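Using my numbering, the first residue of the sequence shown is number 531, and each one after it goes up by one.
Derived from the structure by calculation, the hints contain no laboratory data.
Since this is a predicted model, take the numbers as computed values, not measurements.
Where is the CB? At the ideal position from N, CA and C, for every residue including glycine.
Each statement offered as a hint is correct.
Subject to a maximum C-alpha distance of 25 Å in a straight line, what follows is the list of computed BS3-like cross-link-like pairs (lysine-lysine):
#: 1; residue 1: Lys677; residue 2: Lys667
#: 2; residue 1: Lys677; residue 2: Lys606
#: 3; residue 1: Lys589; residue 2: Lys576
#: 4; residue 1: Lys609; residue 2: Lys682
#: 5; residue 1: Lys682; residue 2: Lys610
#: 6; residue 1: Lys546; residue 2: Lys589
#: 7; residue 1: Lys589; residue 2: Lys653
#: 8; residue 1: Lys680; residue 2: Lys610
#: 9; residue 1: Lys682; residue 2: Lys546
#: 10; residue 1: Lys680; residue 2: Lys546
#: 11; residue 1: Lys606; residue 2: Lys546
#: 12; residue 1: Lys620; residue 2: Lys682
#: 13; residue 1: Lys560; residue 2: Lys576
#: 14; residue 1: Lys576; residue 2: Lys588
#: 15; residue 1: Lys589; residue 2: Lys560
#: 16; residue 1: Lys609; residue 2: Lys667
#: 17; residue 1: Lys667; residue 2: Lys576
Label pairs and their calculated CB-CB ranges:
#: 18; residue 1: Glu632; residue 2: Tyr590; range: 32 to 42 Å
#: 19; residue 1: Gly564; residue 2: Pro534; range: 19 to 29 Å
#: 20; residue 1: Ile535; residue 2: Glu636; range: 17 to 27 Å
#: 21; residue 1: Glu674; residue 2: Lys546; range: 17 to 27 Å
#: 22; residue 1: Lys680; residue 2: Asn651; range: 37 to 47 Å
#: 23; residue 1: Thr559; residue 2: Lys620; range: 36 to 46 Å
#: 24; residue 1: Val622; residue 2: Asn651; range: 41 to 51 Å
#: 25; residue 1: Gly564; residue 2: Tyr590; range: 20 to 30 Å
#: 26; residue 1: Val622; residue 2: Ile586; range: 33 to 43 Å
#: 27; residue 1: Glu607; residue 2: Ile583; range: 14 to 24 Å
#: 28; residue 1: Ile535; residue 2: Lys560; range: 34 to 44 Å
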Amino acid sequence: MLNPIIRRRVQNIGTKNIHNILLEFGRGTKLGNGYRDTEHTVEILKSKNWDDIVPILKKYNGVSISYLHYVNLNCKEIKKRVTDVIIRYKEVLTEDELVALEDLSELSFFNLVESLSSFPNMKVNDGVSSLIDDFVKLQNRYLEVEKVFKIK
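My request is simple: use the sequences and hints to build the entire structure.
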């Protein structure tokens, strides 16, 4: 039976990517960082300057990337995970599951983050409100996907 495997792969989007974004932005604050904690998402994402370097990556991996680029890397991974589930399991996914995954992968947030990330000298923090609003849409859409897949 593939359902537990498919559910696990879908759940990894939340536990590994959305959670990681919120974890890095929430690091050093007293705000919640679970990917299901939508109440504090805006505060968490406003707590850091999106143009600043992610300190934990610099400290432990020697990698200097901004929060925006960190979000972009996770967005690429989300799209890859969604595409992988669709391609591998298309024959056994229900119509609702397939639509939910495709709706998630088509969010404008992915393109916006990728576009902004392609300009290395562009400062995005002044216009970060639209990015945060779109991330909240991503988070909520993912939580809808969890409901469709009956992930608890």
